[in-house]
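Enquirer: All chains should be built: construct the whole structure from the sequences, respecting the hints.
With the numbering used here applied, the sequence shown covers 3 to 50.
Any given hint might turn out to be false.
Here are the in silico distance ranges between beta carbons for each label pair [what the hints assert, rightly or not]:
{"id": "1", "residue 1": "Gln11", "residue 2": "Arg49", "range": "14 to 24 Å"}
{"id": "2", "residue 1": "Gly22", "residue 2": "Arg49", "range": "29 to 39 Å"}
{"id": "3", "residue 1": "Lys33", "residue 2": "Thr12", "range": "15 to 25 Å"}
{"id": "4", "residue 1": "Asp10", "residue 2": "Thr34", "range": "27 to 37 Å"}
{"id": "5", "residue 1": "Arg25", "residue 2": "Gln46", "range": "17 to 27 Å"}
{"id": "6", "residue 1": "Gly19", "residue 2": "Glu41", "range": "10 to 20 Å"}
{"id": "7", "residue 1": "Pro20", "residue 2": "Asn40", "range": "13 to 23 Å"}
{"id": "8", "residue 1": "Thr34", "residue 2": "Thr12", "range": "11 to 21 Å"}
{"id": "9", "residue 1": "Leu24", "residue 2": "Leu48", "range": "17 to 27 Å"}
{"id": "10", "residue 1": "Arg4", "residue 2": "Phe44", "range": "14 to 24 Å"}
{"id": "11", "residue 1": "Leu18", "residue 2": "Val43", "range": "16 to 26 Å"}
{"id": "12", "residue 1": "His16", "residue 2": "Glu41", "range": "10 to 20 Å"}
Keep in mind the hints are simulated off the structure, nothing from the lab. Ideal placement from N, C-alpha and C gives every residue a C-beta, glycine not left out.
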Amino acid sequence: MREDTPDDQTLAGHMLGPTGNLRAPTIRKGKTLIIGFNEEVFIQGLRA
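Expert: This is the structure we're talking about:
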């Protein structure tokens, strides 16, 4: 997503769960937004 910025509707589709709420967990660290749980990405994102 860094090279080809998605439109708002596409971005919302990735960020929102079936109930319309943000997927959990959601963490913002600087300019990085981590949504959902993937252990490898989660650990890497929190260390950076």
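Enquirer: All the hints need checking, so say for each whether the structure fits it.
Expert: Results of checking the hints against the structure:
| no. | hint | verdict |
| --- | --- | --- |
| 1 | Gln11 - Arg49: 14 to 24 Å | violated, 32 Å |
| 2 | Gly22 - Arg49: 29 to 39 Å | holds, 32 Å |
| 3 | Lys33 - Thr12: 15 to 25 Å | holds, 19 Å |
| 4 | Asp10 - Thr34: 27 to 37 Å | violated, 19 Å |
| 5 | Arg25 - Gln46: 17 to 27 Å | holds, 18 Å |
| 6 | Gly19 - Glu41: 10 to 20 Å | holds, 19 Å |
| 7 | Pro20 - Asn40: 13 to 23 Å | holds, 18 Å |
| 8 | Thr34 - Thr12: 11 to 21 Å | holds, 18 Å |
| 9 | Leu24 - Leu48: 17 to 27 Å | holds, 18 Å |
| 10 | Arg4 - Phe44: 14 to 24 Å | holds, 19 Å |
| 11 | Leu18 - Val43: 16 to 26 Å | holds, 18 Å |
| 12 | His16 - Glu41: 10 to 20 Å | holds, 19 Å |
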